[in-house]
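Between the sequences and the hints, there should be enough to build the whole structure, so can you do that?
Which chain is which? The protein sequence lines are A and B, in order. When the letters of the first sequence are read in order and numbered with my numbering, they come out as residues 327 to 644. When the letters of the second sequence are read in order and numbered with my numbering, they come out as residues 147 to 459.
Because the hints were derived from the structure by calculation, they are not lab data. All C-beta atoms in this analysis are idealised placements derived from N, C-alpha and C, irrespective of residue type, glycine included.
To list a few chain A residues with every Cβ distance to chain B over 10 angstroms, as calculated:
hint, residue
1, 374
2, 401
3, 413
4, 472
5, 528
6, 540
If you want a taste of the chain B side facing chain A, the calculated C-beta under 10 angstroms gives, among others:
hint, residue
7, 167
8, 172
9, 291
10, 397
11, 416
12, 431
13, 438
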Amino acid sequence: MTAEPHEPKSRGYLADAASRLAKRKLAMVCLVILALYFLIGLMDFIPAGSELKGQVEVKRTLLDRLAHRGPVIEKDADTGREAPKPYVRPSLNRPLGTDIHGEDVLWKTLKACRTALTIGILTTIIAIPLAVLFGMLAGYFGGIIDDIVQYVYQTLACIPGLLLLIVLMMVMERGVIQLCIALGVTSWVGLCRLVRAEVLKHRESDYVQAARALGAGHFRIMFLHILPNIGHLVVISFTLRFGGLILSETFLSYIGVGVKEDTYSWGQMIRQARLELVREPMVWWNLVGATVAIFFIVLASNIFGDALRDALDPKLRN
Amino acid sequence: MFAYIVRRLLWCIPIILGVCLITTLLLEAAVAPEDRARKELGGKHVSQDQVDAFMKQEGYDRPLYQRLYSTMRSLLTFQFKRSIKRQQRVSEVLLQSMGPSLCITVPAFIVGLFLAISISLIVAYYRATPIDVAGVFVCVIGMCIPVLFYIIVGQYLLGKVWNYFPAYGYVGGLSVARFVAMPIVIAVIAGLGGSVRFYRTIVLDEMYQDYVRTARAKGVSERRVLFLHVLRNSMIPILTSVVVHIPFLIIGSMLLEEFFGIPGLGNVLVRATLEFDYNVVQAVVFLSSIIYVLALLITDITYAIADPRIRLG
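Structure (structure tokens):
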């Protein structure tokens, strides 16, 4: 029996990275912004009772409960019928006014967080395993496996990205999940290339040779030895791509192949806003609401991603 | 070097075949042959007989593998079919639309590259000062604004505020500048943030090399170090990263052309996809895949030429 050796107090890799990250004030601010978006998105997943809308019972979420403001009802002078008033100007009471259907724009903007976050996260969940698995197989085994993987991703990369997305969406019908699958298929290529190149570097390094000499199998070496050493790259590329995915949703929905019209998303809001600027008087709040929302989440994920890279990448330490 | 190029060119063949196969299969999966025939015939009042006759005429009634074979053969022999929507040969459509695309992409590319390199040199010269911080900050902000916002605001400015330039459309000849000015400006602004940040990292990487320290030790002025020594060496990675974009200038920008009504290749491609004009889509994807593999090859060769340490094997 040997006594547990008394270790001097030292910080592990993750604790070290976290403490370095915590020193970056701007990164922390961005983390808080991202957390806010996540909170709003999460609130839209939590059911909170239902509401009678005419004859139909509509389910409401916690977000609706907290932030929903009904339309301004206006009585038509000629017919006497009551209808929601479109394009109510922003006021203190209603910071972003209402859209063409009389819906509150601020509420729509918040509601779209759910769509954007679903797209960012689900696409990543689809793309990362694909990229890591194929990248590691190609880099580690080389030879024919490497040729096949390289062939697949080079072929995919040859098709113009926007076009591949449009055609995939046409095959699968429109919708949030389908959009995630299409974006996943088109976005794993870059990460796969990166993982493959890194694994190539690690394959002949001393620690891998040592593991091999001790009799570790291929998969043990790949997933228990090499993967932890390149894991930070996966995390970094995920945070840096997150904003790009949200931007992709906006323009795909804009040209009419993204999410359906009745889904709340920033792309759909910008699509509505396309001709609103030239109206008299100008309607700017739809465009500004969506753009500001996109801007801050993309900005926060970019800055936080940069800080994360500085903290996690062993080469950039100090 | 010669053997390497030949090997790479041979490697292009299966890739281009694969691209043709994937696009054909995806387009088949998107719309069944009969629906496709109906869409191409247009009009809502088309009898079943007409559809059948059209399908027979275009060969849509044949089994999948035969249609695949005929599509691939027409692509690989460059005998493109005709565009059914436009009643034109696809090759004519392509030739017509290259010009407008180039009118936007070439000036945008040159101006963008020049601006990005100049700005990145300036921020690198003032590194770790407020000018640098502000520059990077503006770049990051520029990267985070969706291109759609630039486009909508740009169109608003053109259409409502200035009234001098037309907001939409295209006319060839000398007056072309009035139509392409705003798309060029937007293309430059939208791309500037990302490239400045990228080039700044490259320039800063060079700044800490040994030869820079040597030059400073010899008493060379900071300005001379930057513009003579650092600029020349950082041009290698910058230019090689830029070469890959040059062939794509022909394809144009799908988003900008679509929104500003410029009849370029990008616009043709998006329209054709949304209108199910498949012969056009297949031809453009085929050409762009050739362009892509060649661009990658040219990039690798320029790397080897620009940096003698790299040997292609």
